[in-house]
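Read top to bottom, the protein sequences are chains A and B. Taking the working numbering, the leading residue of the first sequence gets 1, the next gets one more, and so forth. Taking the working numbering, the leading residue of the second sequence gets 1, the next gets one more, and so forth.
Bear in mind the hints are in silico, worked out from the structure with no lab data behind them. A hint or two may mislead.
[To be verified] The following label-pair restraints were derived from C-beta to C-beta distances: (1) B:Ala68 - A:Ser107: 27 to 35 Å; (2) B:Ala99 - A:Ala117: 43 to 51 Å; (3) B:Ala99 - A:Gly35: 43 to 51 Å; (4) A:Arg9 - B:Asp60: 40 to 48 Å; (5) A:Pro92 - B:Glu98: 17 to 25 Å; (6) A:Pro2 - B:Arg95: 26 to 34 Å; (7) B:Ala59 - A:Ser107: 23 to 31 Å; (8) B:Glu98 - A:Gly35: 40 to 48 Å.
[To be verified] Keeping only pairs whose Cα atoms sit at most 20 Å apart, straight-line, the calculated SDA-like set for lysine to any residue is: (9) B:Lys96 - B:Asp80; (10) B:Lys96 - A:Pro108; (11) B:Lys55 - A:Pro108.
From a predicted model like this one, the values you see are computed outputs, not experimental measurements. Think of the CB as a built atom: it goes at the ideal place given N, C-alpha and C, for glycine as much as any other residue.
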Amino acid sequence: MPLPPLDERAIIIGAEATDWRDAVRIAGRALADAGVARAGYADEMVRMIEEYGPYVVIAPGLALAHARPGNAVLKDGLGVVTLATPVPFGHPHNDPVHVVLALAITSPAGHLESVAAIANVFNDTSAVQDLIAARSKDDVLRILQ
Amino acid sequence: MTCFGSCSEDGIVKIVAICGAGIGTSGILKVNAERVLARLGIEADVLAAHLGTLKRDAADAQVILTSAEFVDAIGPTNADVIVVENYFDTDELSRKLEAALGSE
Numbered sequence: 001m002p003l004p005p006l007d008e009r010a011i012i013i014g015a016e017a018t019d020w021r022d023a024v025r026i027a028g029r030a031l032a033d034a035g036v037a038r039a040g041y042a043d044e045m046v047r048m049i050e051e052y053g054p055y056v057v058i059a060p061g062l063a064l065a066h067a068r069p070g071n072a073v074l075k076d077g078l079g080v081v082t083l084a085t086p087v088p089f090g091h092p093h094n095d096p097v098h099v100v101l102a103l104a105i106t107s108p109a110g111h112l113e114s115v116a117a118i119a120n121v122f123n124d125t126s127a128v129q130d131l132i133a134a135r136s137k138d139d140v141l142r143i144l145q
Numbered sequence: 001m002t003c004f005g006s007c008s009e010d011g012i013v014k015i016v017a018i019c020g021a022g023i024g025t026s027g028i029l030k031v032n033a034e035r036v037l038a039r040l041g042i043e044a045d046v047l048a049a050h051l052g053t054l055k056r057d058a059a060d061a062q063v064i065l066t067s068a069e070f071v072d073a074i075g076p077t078n079a080d081v082i083v084v085e086n087y088f089d090t091d092e093l094s095r096k097l098e099a100a101l102g103s104e
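Start from the sequences, fold in the hints, and give me the full structure.
And the structure:
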């Protein structure tokens, strides 16, 4: 089961984010730089959290930012941003967030295979710690293989 | 397994995973719930859905898996609503699903 494509340009190590919105926008910019999504996708991901709350913080230290499939998504893809300083998202159990994954999906049909691949990586509880410790894009690619 | 509450006609447990978008987080809940249920030997249909289609998708569900943020929006339901804290902690999922489904 393949992960959503992870372009090197969609990996940012040690980003400085002022708050959760900034962290999500950095991840959105990374997806845009990789040609995965239009610039507006970042704001759509922020709006999901504004509307529904910090549920995207699905494990300690890890946010899976995403919005719905739509015009802002150009192709399936994943972005990975590790933060130099963790930021709170307001989650009751899993704050603060050290790593933001950004997911862009063109169509709900068939996306479960790639989501299952994400689960395969992160069901191993060391994956988030390994990403926090990653010092290069190659480190990140190795962890997510 | 013993079937409690509103089992579907074919006796297979119906579980719906809910998130805001219907992709991503609910998908992770779905795949991990399926893994845990297979381990527990419980036959179930697990559907990933979002709040917009909840009424249609969860009308006959026995269990709804979700985050604390969505509990109020889900509203009154006959299903057991299970709040998951760590989506990648299959032990947590296993414990909560087993409690809700009352396996022997």
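Structure-based check of all given hints:
| no. | hint | in the structure |
| --- | --- | --- |
| 1 | B:Ala68 - A:Ser107: 27 to 35 Å | holds (29 Å) |
| 2 | B:Ala99 - A:Ala117: 43 to 51 Å | violated (29 Å) |
| 3 | B:Ala99 - A:Gly35: 43 to 51 Å | holds (45 Å) |
| 4 | A:Arg9 - B:Asp60: 40 to 48 Å | holds (45 Å) |
| 5 | A:Pro92 - B:Glu98: 17 to 25 Å | holds (23 Å) |
| 6 | A:Pro2 - B:Arg95: 26 to 34 Å | holds (31 Å) |
| 7 | B:Ala59 - A:Ser107: 23 to 31 Å | holds (25 Å) |
| 8 | B:Glu98 - A:Gly35: 40 to 48 Å | holds (44 Å) |
| 9 | B:Lys96 - B:Asp80 | holds (10 Å) |
| 10 | B:Lys96 - A:Pro108 | violated (27 Å) |
| 11 | B:Lys55 - A:Pro108 | holds (19 Å) |
Violated hints, listed in ascending order, are 2 and 10; each of the other numbered hints is respected by the structure.
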